[in-house]
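Protein chains in written order, with my numbering: chain A, 1 to 261; chain B, 1 to 304.
Worth double-checking, as some hints may not be accurate.
To be verified - Below are the SDA-like pairs computed for lysine to any residue, each with C-alpha atoms no more than 20 Å apart in a straight line: (1) A:K14 / B:K130; (2) A:K13 / B:L175; (3) B:K29 / B:K130; (4) A:K258 / B:D58.
As the list claims (entries may be wrong) - In silico negatives: residues of chain A with every beta carbon more than 12 Å from chain B: (5) F9; (6) C22; (7) G42; (8) T74; (9) M193; (10) V249.
Unchecked claim - A few chain A residues that don't get close to chain B, going by computed Cβ distances all over 12 Å: (11) L5; (12) A56; (13) S71; (14) I75; (15) T113; (16) E125; (17) T126; (18) V150; (19) Y185; (20) A248; (21) I260.
Just so you know, these hints were derived from the structure itself, not from any lab.
Yeah, the Cβ is synthetic: ideal placement off N, Cα and C, and Gly gets one too.
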Amino acid sequence: MSKLLIANFARIKKNKLFYCLCAVCAVFALFTVINQISNKGGVDSAFRLFAVPIEAAAAVFISTFFGTEYSDGTIRNKLIIGHSRYSVYFANLITAIACVTAMFVSFTVPVLTVGLPCLGLPDAETVRILVAGYVTLLAFCSLFTMISTVYSNKAGATAVNIVLVFTLIIAGLVLSAYLMQPQYYAVQGAEGMEYVANPNYPTGVKRAILVFFSNASLAGQSVQFITALASPLWVMSVYSVVIFIICAVTGALIFNGKNIK
Amino acid sequence: MEYVLRTNAVKKEYGNYKALNGLSMNVPKSSIYGLVGKNGSGKTTLIRLICGLQKPTDGEIELYGAKNGEKQFEKARRRMGAVVETPSVYLEMTAEDNLKEQYRILGMPYFDGITDILQTVGLENTGKKKAKNFSLGMRQRLGIAVALAGNPDFLILDEPINGLDPQGIVEMRELILKLNRERGITVLISSHILDELSKIATHFGFIDGGKIVRELSAEDLERACRKRIEISVSDTKTLSRTLDRFGLEYSVISDTEAEIFGEVNVTELALELYKNNCSVRSICERNESLEAFYINLVGGKSGE
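So here's chain A without its partners, still in its complex pose (with noise of 0.2 Å):
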């Protein structure tokens, strides 16, 4: 599998797109942290948007990067002098972390340089969420590697990675201001301000299911990041540990049985 991965990492070298993508990743840090400086915010806002940008940069360079393989035929070339599916399944499992471990680090570097000296330092809460994170991208990236090799069409696969990416995020989004709406609302009475419980606002099982939706799928993390937690962060990161071994194994046993044309 080395031999595997010294020939991916050497493709990524000249990538042009890789590096597009980690300097939008850095720009979007960069906007963002100057945004937080001109609105007298903290750099932990900065922070905490890091997962979309880099969601949607992965959705794109993943399918992109390995669809190529199937479209210029090169994927066989691997096959055909011996190299097992599973290598080369895994090889390009951890390529893919690698490059998305790069484009994380080129979103937080612009937030520690510019971002720390002029905004101060972030909160532990922060940097815990920084971490699991990082798990929620490692998920995506085994999804994202797992429909690429799966699916051998390059555009097509890139199509689905871009659009599941956007899906979910939607989907999140809705989620969290399901679950965010106020339990009570206040309305004018006959005796001044009475409080009114919220007909709309989920509870019991029902909550606990949309909680479980929110927590479980990867794009319900990231809006959690960015809004706010409705579970502990170690409960998210189980999740995407799940999920990662999850696809990891299902697009590796998919590979392996797959025609390859």
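With chain A's structure known, arrange chain B on it following the hints.
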């Protein structure tokens, strides 16, 4: 005879469709084996199975003595290179970078030999030109160059002359012959262009309906397609003696049938046989072309 590749009753099914239906073939070492068949006959499917891109539904593939499913089989594949359908090259890379990438995939620590390979396929002067800007012939040759990385001794080429112009076809033919003669590489070429294959192949396998219907050497094929007279007589022993006297090349098929090659004076022959109490029952001139031989073999029906 030593074989590089042998297959035994290989089957490949896609749902209810049988792409390969018990295919058995033998590729001798140092040969140029032409796999001939019409579109849809199973040529590319067979090559995909040999290359490990797909798995057979049933049957055995033996490469350098290692059978599919055995651990040694994957190792044996390191001794082969292949171009399946389209050349497998990174279009955004130069010819040299494509070869370097394949060297890395093979785990070769140095890039020695890349210049030699590029010279062999005639791409040594492409410089920084990316593969996407190459002509089809150049891409085909780059695909072969990538397949040659790692110094394989078995090369599989799937329809290598498809889409090439006459000049490209000549260059490809010369390249294949050079690889076979100078490097001793065994070559398996699939094609439906029989005439072109007949110029280079030393062995032929005719595939139809997912099966090899006939396997023969180039000499056997030439013999089968030679201009000849098929003669049916009462006694081939008398015929043999007569033909020996006439100094003609012939082949006895049965007690009453024989084939005579070359120009024959039929009147003289018939009179001589008559004198020796041997009657001629029928006589027929055959001059079968390669295409006619192939059509007779596969029945001429469409496989698509």
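Hint-by-hint comparison with the structure:
no.: 1; hint: A:K14 / B:K130; in the structure: holds (13 Å)
no.: 2; hint: A:K13 / B:L175; in the structure: violated (33 Å)
no.: 3; hint: B:K29 / B:K130; in the structure: violated (36 Å)
no.: 4; hint: A:K258 / B:D58; in the structure: holds (16 Å)
no.: 5; hint: F9; in the structure: violated (9 Å)
no.: 6; hint: C22; in the structure: holds (18 Å)
no.: 7; hint: G42; in the structure: holds (43 Å)
no.: 8; hint: T74; in the structure: violated (5 Å)
no.: 9; hint: M193; in the structure: holds (66 Å)
no.: 10; hint: V249; in the structure: holds (20 Å)
no.: 11; hint: L5; in the structure: violated (9 Å)
no.: 12; hint: A56; in the structure: holds (23 Å)
no.: 13; hint: S71; in the structure: violated (8 Å)
no.: 14; hint: I75; in the structure: violated (8 Å)
no.: 15; hint: T113; in the structure: holds (33 Å)
no.: 16; hint: E125; in the structure: holds (44 Å)
no.: 17; hint: T126; in the structure: holds (40 Å)
no.: 18; hint: V150; in the structure: holds (15 Å)
no.: 19; hint: Y185; in the structure: holds (58 Å)
no.: 20; hint: A248; in the structure: holds (22 Å)
no.: 21; hint: I260; in the structure: violated (4 Å)
In terms of the numbered hints stated before, the structure departs from hints 2, 3, 5, 8, 11, 13, 14, 21, listed from lowest to highest.
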